[in-house]
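Student: Using the sequences and the hints, build the whole thing.
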Amino acid sequence: MKLFYNITPKPDLHDPQGEALQRILARIGVPGVSRVHVGKRVVLEIEGDLFEAERRERFEELGKTFFSNPLLEDVECRVESEEP
Amino acid sequence: MRVGVVVFPGSNCDLDVVHVVQDVLGWSTRILWHAETSLVGLDLVVLPGGFSYGDYLRPGALASYSPIMAAIKNFASKGGLVLGICNGFQILLEAGMLEGALMQNRQIRFVCKPTCVRVDSTKSFLTASARKGQVLSLPIAHHSGSYYATKEALKGLNDSGRILFRYVSSDGTQDDAFNPNGSIEAIAGVSNEEGNVVGLMPHPERAAERLLGSEDGLVLFRGVLSWISQAS
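In order, the protein sequences belong to chains A and B.
Following the working numbering, the numbering of the first sequence begins with 27 at its first residue and continues without gaps.
Following the working numbering, the numbering of the second sequence begins with 250 at its first residue and continues without gaps.
Quick caveat, the hints were computed from the structure, so don't treat them as lab data.
No residue lacks a Cβ here, since even glycine has one placed at the ideal position from N, Cα and C.
Some clues are possibly wrong.
Per label pair, the in silico range of CB-to-CB distance [unchecked claim]:
1. V360/B x I50/A: 19 to 29 Å
2. E83/A x H268/B: 23 to 33 Å
3. A480/B x D75/A: 47 to 57 Å
4. D100/A x R251/B: 35 to 45 Å
5. G259/B x K90/A: 23 to 33 Å
6. L39/A x A390/B: 22 to 32 Å
7. R104/A x T286/B: 32 to 42 Å
Reference excerpt, derived from the structure (chain A facing chain B, CB under 10 Å, subset only) [unchecked claim]:
8. P35
9. H40
10. P42
11. Q43
12. E45
13. A46
14. K66
15. V68
16. L70
17. F77
18. F85
19. L98
20. E99
Okay, derived cross-link-like pairs now, DMTMM-like style, lysine to aspartate or glutamate, Cα gap no bigger than 25 Å in a straight line [unchecked claim]:
21. K90/A x E458/B
22. K90/A x E401/B
23. K381/B x D424/B
24. K322/B x E87/A
25. K36/A x E99/A
26. K66/A x E348/B
27. K36/A x D304/B
Tutor: Structure, rendered in structure tokens:
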């Protein structure tokens with residue numbers, strides 16, 4: 027089973043990478059992009075399943091305490107089957 | 250004075266600190282591998298600059314889980330002195346031993362240059378020998394040094410004198426033109442409530458000999474002596 031953490035900078039914080047990308051997009055003629063955020067994605071391959079609530083909670087907690095810095099970043103934790 | 254200098258995988262300013270502490274100040278030093286867990290007999294533990302774990306995940310994040318960190322938290326809770334310089338500051342923030350976080354520099358560039366920092370509080374071991382308002386010339390060398398804290402945290406830091414250093418001009422004026430990385434309120438270093446845990450982005454160990462252009466870092470290291478003599 028795969029577990030995904032999607033980590034993005036908090037929208038109200040300065041995101042220098044996103045701003046640089048936005049400027050380049052304008053330069054190469056991509057109109058209508060009002061904001062760019064650069065984040066990261068962490069993929070865990072997990073043995074067994076996450077149907078036990080406690081195990082799932084533990085992984086969700088790790089998203090906030092280890093994989094992201096809650097002061098600077100938002101994090102979403104999804105299992106493979108929930109991916110859009 | 251007995252000083253421990255922690256080496257994480259990827260630390261690269263450890264021997265600079267050892268040189269200053271041992272050869273310039275004449276104190277005894279012990280190099281501590283990050284997997285060690287004993288700090289017996291030490292007065293000060295320094296977490297040096299560098300790129301621990303290659304800055305994977307976030308600067309300082311992985312090192313904050315090194316075995317030695319539990320010992321350092323325990324050491325600090327008993328009044329032991331802990332200094333984090335640059336990557337060491339990032340580690341102390343990630344470990345929750347200091348408040349706030351460090352983001353990428355606003356210009357997304359590695360910045361390596363001399364800066365002027367003003368001592369805004371003397372309520373810590375590192376600033377105990379400095380004068381409030383004193384301007385020091387200290388170099389910076391980092392990519393993620395833009396300090397951030399929430400409004401509420403900043404109020405607490407300001408009210409309790411935990412903001413130790415701000416980037417300023419050579420005459421001590423605070424202005425965005427002298428803020429090298431976009432730090433909020435131009436903050437360059439902070440301490441905990443008790444003043445025994447300190448983190449800063451500038452490198453006092455690179456400003457401890459006239460040959461290198463500044464000796465201003467020595468007033469900070471000598472603060473350790475003032476602090477310990479005040480405490481005893």
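Student: Against each hint, give a clear statement of whether it holds in the structure.
Tutor: Evaluated hints:
no.	hint	verdict
1	V360/B x I50/A: 19 to 29 Å	holds (22 Å)
2	E83/A x H268/B: 23 to 33 Å	violated (48 Å)
3	A480/B x D75/A: 47 to 57 Å	holds (55 Å)
4	D100/A x R251/B: 35 to 45 Å	holds (44 Å)
5	G259/B x K90/A: 23 to 33 Å	holds (25 Å)
6	L39/A x A390/B: 22 to 32 Å	holds (24 Å)
7	R104/A x T286/B: 32 to 42 Å	holds (37 Å)
8	P35	holds (8 Å)
9	H40	holds (6 Å)
10	P42	holds (4 Å)
11	Q43	holds (6 Å)
12	E45	holds (9 Å)
13	A46	holds (6 Å)
14	K66	holds (8 Å)
15	V68	holds (8 Å)
16	L70	violated (13 Å)
17	F77	violated (28 Å)
18	F85	violated (16 Å)
19	L98	holds (5 Å)
20	E99	holds (9 Å)
21	K90/A x E458/B	violated (43 Å)
22	K90/A x E401/B	holds (20 Å)
23	K381/B x D424/B	holds (18 Å)
24	K322/B x E87/A	holds (22 Å)
25	K36/A x E99/A	holds (5 Å)
26	K66/A x E348/B	holds (24 Å)
27	K36/A x D304/B	holds (20 Å)
The structure does not agree with the numbered hints 2, 16, 17, 18, 21 stated previously, though it agrees with the rest.
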